[in-house]
Amino acid sequence: MSDAQPLEHSTARHAPKNKTDLFVSFTVLALQGFGGVLAVVQRELVDKKKWLTTDEFVEDWSVAQILPGPNVVNLALMIGGRHFGIAGALAALSGLLIAPTVLVLLLAAAVAGVAETPVAQGMLRGMGAVSAGLIAAVGIKLMGALKNNPMGMLTCIGIGTLTFVAIGLLRLPLAWVLLSLGPLASVWAAHCIKQRDVA
Amino acid sequence: MSITLTLADWGSLFLHFISLSLLAVGGAITTAPDIHRYLVDETHWLSDTQFTSSIALAQGAPGPNVMFVALMGWNVGLNAGGGLAAGWPAVALALWGVLITMVGIMIPSCTLTFVATQWAHRNRDMLAVKAFKSGMAPIVIALLIATGWLLTGNHENPARDWPLWVLAGATTLVVWKTKTHLLLLLGFGALLGALGWI
Chain U
1 MSDAQPLEHS
11 TARHAPKNKT
21 DLFVSFTVLA
31 LQGFGGVLAV
41 VQRELVDKKK
51 WLTTDEFVED
61 WSVAQILPGP
71 NVVNLALMIG
81 GRHFGIAGAL
91 AALSGLLIAP
101 TVLVLLLAAA
111 VAGVAETPVA
121 QGMLRGMGAV
131 SAGLIAAVGI
141 KLMGALKNNP
151 MGMLTCIGIG
161 TLTFVAIGLL
171 RLPLAWVLLS
181 LGPLASVWAA
191 HCIKQRDVA
Chain B
1001 MSITLTLADW
1011 GSLFLHFISL
1021 SLLAVGGAIT
1031 TAPDIHRYLV
1041 DETHWLSDTQ
1051 FTSSIALAQG
1061 APGPNVMFVA
1071 LMGWNVGLNA
1081 GGGLAAGWPA
1091 VALALWGVLI
1101 TMVGIMIPSC
1111 TLTFVATQWA
1121 HRNRDMLAVK
1131 AFKSGMAPIV
1141 IALLIATGWL
1151 LTGNHENPAR
1161 DWPLWVLAGA
1171 TTLVVWKTKT
1181 HLLLLLGFGA
1191 LLGALGWI
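Sequence order for the protein chains is U and B. Counted from 1, the first sequence has number 33 at position 33 by my numbering; the numbering is strictly sequential. To convert, count from 1 in the second sequence and add 1000; that's my numbering.
Keep in mind that the hints were calculated from the coordinates and are not lab data. One or more hints might be untrue.
In the DMTMM-like style, the derived pairs of lysine to aspartate or glutamate whose C-alpha atoms are separated by at most 20 Å in a straight line are [unchecked claim]:
1) U/17 <-> U/44
2) B/1177 <-> U/21
3) U/17 <-> U/56
4) U/194 <-> B/1125
5) B/1177 <-> U/47
6) U/48 <-> U/21
7) U/19 <-> U/55
8) B/1179 <-> U/47
9) U/141 <-> U/55
10) U/147 <-> U/55
11) U/147 <-> U/56
12) U/141 <-> U/56
13) U/50 <-> U/21
14) U/147 <-> U/21
15) B/1179 <-> U/44
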């Protein structure tokens, strides 16, 4: 989306200082993510640390989403790898996984049996509803990034609505939706980018 | 629950998670039905209760959702070692189970992601790469909103579940418009749930 700008445009924002910074940042991020890390990622990496702009986050998240594997794991590998190669990818990945693994196993050992009690079930219900709201809010916040989309806002809203209906209302399998709408939208985007570059 | 696992069994457990890795498009949780078929129905290495509570616990604990895979490996190992009551040897086997399942589910998808994204980053000025990112952006954003919708919509009894919808909707507004700490919101949700208000 930034074809008019030189590559150096990214130097204005912040970057992870070193591999330790990556490891610690992803650990902190992971430990805040209850019911999945998705909602926290945007706030930590874009709002707080400014390692990514909103546009870049949407781009990276698209890639993380379409590749197999947990989305957040893919995002960690991308960001770590971009700054410090394979060592950076591994630092971010282990930050994301090690502390939560230790914690969840301790929890499992400690609460064996408690998870089925009404109070615990109630807490999970409440936290589930909150994390649903968190994820939806991230989506709404990211809509601002569509302003710079070469396809134009109206087309984006159309594609977004189609996606929401297919997944949220018709409950079609994710793979179908990604493999049908994805290529169509990408071909249209290529057309729009070419038009814009000619103009 | 107590089971016996041979070396070949551990090998096939590892291979099963390796084979699932590349199928996990849209997150590891999409492989849960197949893991259930394999671990609970076919091999009986995991009880149905252990399967369900592994997912619930991973959702309630901090970290990526894929933690449910670690918990299933933990439980399979514990079962092979005769349960927590059997002491350290069982814990050692449980940790071994975590290693087998997590490394298995991670290696193929992580390798693919690393190689593919390094290539895409080097070629970020290629038309195909830019078109893919621009074309996917509205789809991905709508997917996030749909995920929030679906997570709430799993509760389909409006008479009983309307407070969940109110809570999810209120959370969306608060996160969108304010900088309230996310843990505070989750704690609030947990409190309301523990009190039985939602």
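Going through the hints against the structure:
1. U/17 <-> U/44: 15 Å, holds
2. B/1177 <-> U/21: 29 Å, violated
3. U/17 <-> U/56: Holds, at about 19 Å.
4. U/194 <-> B/1125: 13 Å, holds
5. B/1177 <-> U/47: With Cα atoms ~13 Å apart, residue 1177 of chain B and residue 47 of chain U stay inside 20 Å; holds.
6. U/48 <-> U/21: 14 Å, holds
7. U/19 <-> U/55: 24 Å, violated
8. B/1179 <-> U/47: 10 Å, holds
9. U/141 <-> U/55: 11 Å, holds
10. U/147 <-> U/55: Within the cut-off at roughly 10 Å; holds.
11. U/147 <-> U/56: 13 Å, holds
12. U/141 <-> U/56: 14 Å, holds
13. U/50 <-> U/21: 14 Å, holds
14. U/147 <-> U/21: 32 Å, violated
15. B/1179 <-> U/44: Holds - the C-alpha atoms of residue 44 of chain U and residue 1179 of chain B are around 12 Å apart, at most 20 Å.
Checked against the numbered hints given earlier, the structure breaks hints 2, 7, 14 and satisfies all the rest.
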